[in-house]
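Protein chains in written order, with full-length UniProt numbering: chain Z, 1 to 113; chain A, 1 to 113; chain L, 1 to 145; chain Y, 1 to 145.
Among the clues, some could well be false.
[Said to hold, decoys possible] Cβ-to-Cβ under 7 angstroms is the rule here; a few derived chain L residues that face chain A:
(1) Gly44
(2) Glu45
(3) Ala114
(4) Gln124
(5) Arg126
(6) Pro127
(7) Val128
Hints are computed from structural coordinates only; laboratory data are not their basis.
Note that the Cβ used here is the ideal one computed from N, Cα and C, for glycine as well.
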Amino acid sequence: MELALTSRTVGEHTVLEVGGEVDVYTAPRLREELLALIDGGTRRIVVDLQRVDFLDSTGLGVLVGAMKKLRGVDGTFGLVCAKEPLLKIFRITALDQVFPLYESVDAAIAAGA
Amino acid sequence: MELALTSRTVGEHTVLEVGGEVDVYTAPRLREELLALIDGGTRRIVVDLQRVDFLDSTGLGVLVGAMKKLRGVDGTFGLVCAKEPLLKIFRITALDQVFPLYESVDAAIAAGA
Amino acid sequence: MADVRLCFSPAPVHVRTARLVGVAVARRAGLREELLDEVRLAVGEACARAVALHRQYGLRDQVEVTISDDEPYTVRVVDRAPVEAGLGLSALPPDELADESLTDEALTVGVGFALLAGLVEDLQVRPVAEGIGTEVRMSWPLHRR
Amino acid sequence: MADVRLCFSPAPVHVRTARLVGVAVARRAGLREELLDEVRLAVGEACARAVALHRQYGLRDQVEVTISDDEPYTVRVVDRAPVEAGLGLSALPPDELADESLTDEALTVGVGFALLAGLVEDLQVRPVAEGIGTEVRMSWPLHRR
Ligand SMILES: Nc1ncnc2c1ncn2[C@@H]1O[C@H](COP(=O)(O)OP(=O)(O)O)[C@@H](O)[C@H]1O
Ligand SMILES: Nc1ncnc2c1ncn2[C@@H]1O[C@H](COP(=O)(O)OP(=O)(O)O)[C@@H](O)[C@H]1O
């Protein structure tokens with residue numbers, strides 16, 4: 001399935017909902033979207049991965065890149081991810097220790113991600 | 001999708017409902033099923049193709065073979081097929097002029113197929 | 001230039017993989033949805049025919065499918081059977097299709113060819129340039145989205 | 001013996017086709033459903049890695065995926081990049097992953113390798129037997145149904 005991106009504003013946060021396959025083919029589009037948000041001044045981003053069907057290392061690389069970039073400008077970056085196959089990918093790569101991972105968008109916002 | 005075969009008796013007729021893909025890989029199973037019916041004494045067969053997703057020349061060959069075999073023993077053979085993509089395949093191969101084609105199982109049985 | 005090439009041992013099960021690839025690459029190349037069913041059936045027929053020929057001649061060589069996803073979308077299926085066999089194709093009229101003396105194999109081959117010829121506007125069947133075998137070449141116009 | 005071979009130009013879009021083929025052949029070979037996600041991800045990682053290497057070195061050669069559907073189900077992905085590049089793989093610890101000085105490319109390569117190594121129990125990475133390049137070999141036990 002193709003990549004689907006939708007963003008909405010919730011208080012101070014921008015929630016980017018990602019759906020479909022985030023892979024070597026589509027990850028560049030995710031990167032552009034995240035950079036556009038950051039360059040446009042957004043400082044608190046929550047990326048909702050609940051509708052992601054497939055995520056590979058290129059997609060993970062884009063997420064890490066966005067997190068670092070936001071950190072450099074005193075922003076916050078949180079990921080919403082509760083599905084076991086996806087969580088497994090974060091564990092295997094040790095990225096569960098790098099990203100703040102939340103069970104839901106509400107939890108991410110409440111934690112001030 | 002895999003081939004699915006279900007048969008039931010309606011009066012004098014045996015209705016074989018075929019679902020899934022009937023192709024070079026699965027057609028042998030359809031052939032075996034039809035031969036088993038004929039060898040078991042069945043003389044009036046209606047093959048319901050309504051749930052077929054894919055049909056290739058091997059599948060068509062098996063259907064023609066069964067029809068000829070039944071004809072040789074004074075049996076009848078009807079096909080139920082109303083979906084346009086499937087009908088197109090029968091037209092292209094001129095097999096619409098070889099098989100009795102019906103819109104529904106009821107129509108096939110009413111016509112004494 | 002072939003962008004994707006699939007080679008497979010001459011077994012019916014792999015024809016399914018070839019159909020899958022033919023359709024997936026076509027979809028990504030932007031071929032119109034209505035044509036995808038044509039591609040699925042045509043690639044399947046061409047590959048089933050090649051597998052049948054290899055089995056008939058006891059050839060263990062792989063069947064080769066090459067796809068170019070530039071305009072036009074082109075699929076070539078190459079078998080390694082003697083050319084007489086590969087080129088001996090023709091569609092059959094209805095009265096012959098129902099004829100008792102026609103073997104099931106001959107019928108399937110005739111029907112397969114009728115499907116290929118009936119579905120694919122741009123179809124070529126010719127001996128391969130190198131070695132023994134036949135190439136079935138099919139193409140469809142891409143209207144990139 | 002390779003039963004299915006897929007070769008493709010080093011473009012990201014074809015990695016999707018390779019994943020599709022890797023999973024379709026595995027499913028038909030009878031690989032357990034739970035392992036299919038592993039195959040999808042591992043084949044994707046190995047092919048994405050090969051495509052990235054070809055692009056990095058400006059190689060237009062095709063990436064080659066060969067599949068054996070006998071026991072064990074085996075997928076080999078061959079790139080044609082200099083071996084130093086192909087073998088220079090390692091998983092990164094968390095503190096390095098988050099390190100500012102790590103480039104995005106290096107991070108992706110490290111994460112890709114961590115996924116391969118973490119998912120595939122039977123994984124081998126070695127220089128190809130002939131010519132230049134690296135082979136990533138992965139296999140899974142088939143419990144035929
Ligand atoms: N590599 C992956 N990245 C992210 N999510 C995945 C991955 N693999 C599997 N999943 C998740 O697991 C769910 C079930 O996977 P799967 O069994 O492959 O479903 P499908 O029936 O679509 O093949 C998917 O809907 C997806 O959300
Ligand atoms: N070669 C074929 N033989 C029989 N039926 C077909 C064939 N091709 C398409 N169809 C029918 O047309 C319907 C729509 O086809 P398609 O657009 O390919 O659906 P899908 O969304 O499953 O790809 C299928 O569900 C199937 O019933």
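To see whether the hints hold, each was checked on the structure:
1. Gly44: Cβ of Gly44/L sits 5 angstroms from chain A, so the hint holds.
2. Glu45: holds (6 angstroms)
3. Ala114: Ala114/L check passes; min Cβ-Cβ to chain A is 5 angstroms, inside 7 angstroms.
4. Gln124: violated (19 angstroms)
5. Arg126: With Cβ-Cβ at 21 angstroms, over 7 angstroms, it is violated.
6. Pro127: violated (23 angstroms)
7. Val128: Violated - the Cβ of Val128/L stays beyond 7 angstroms from chain A, reaching only about 22 angstroms at its closest.
Violated hints for the displayed structure, listed by number in ascending order: 4, 5, 6, 7.
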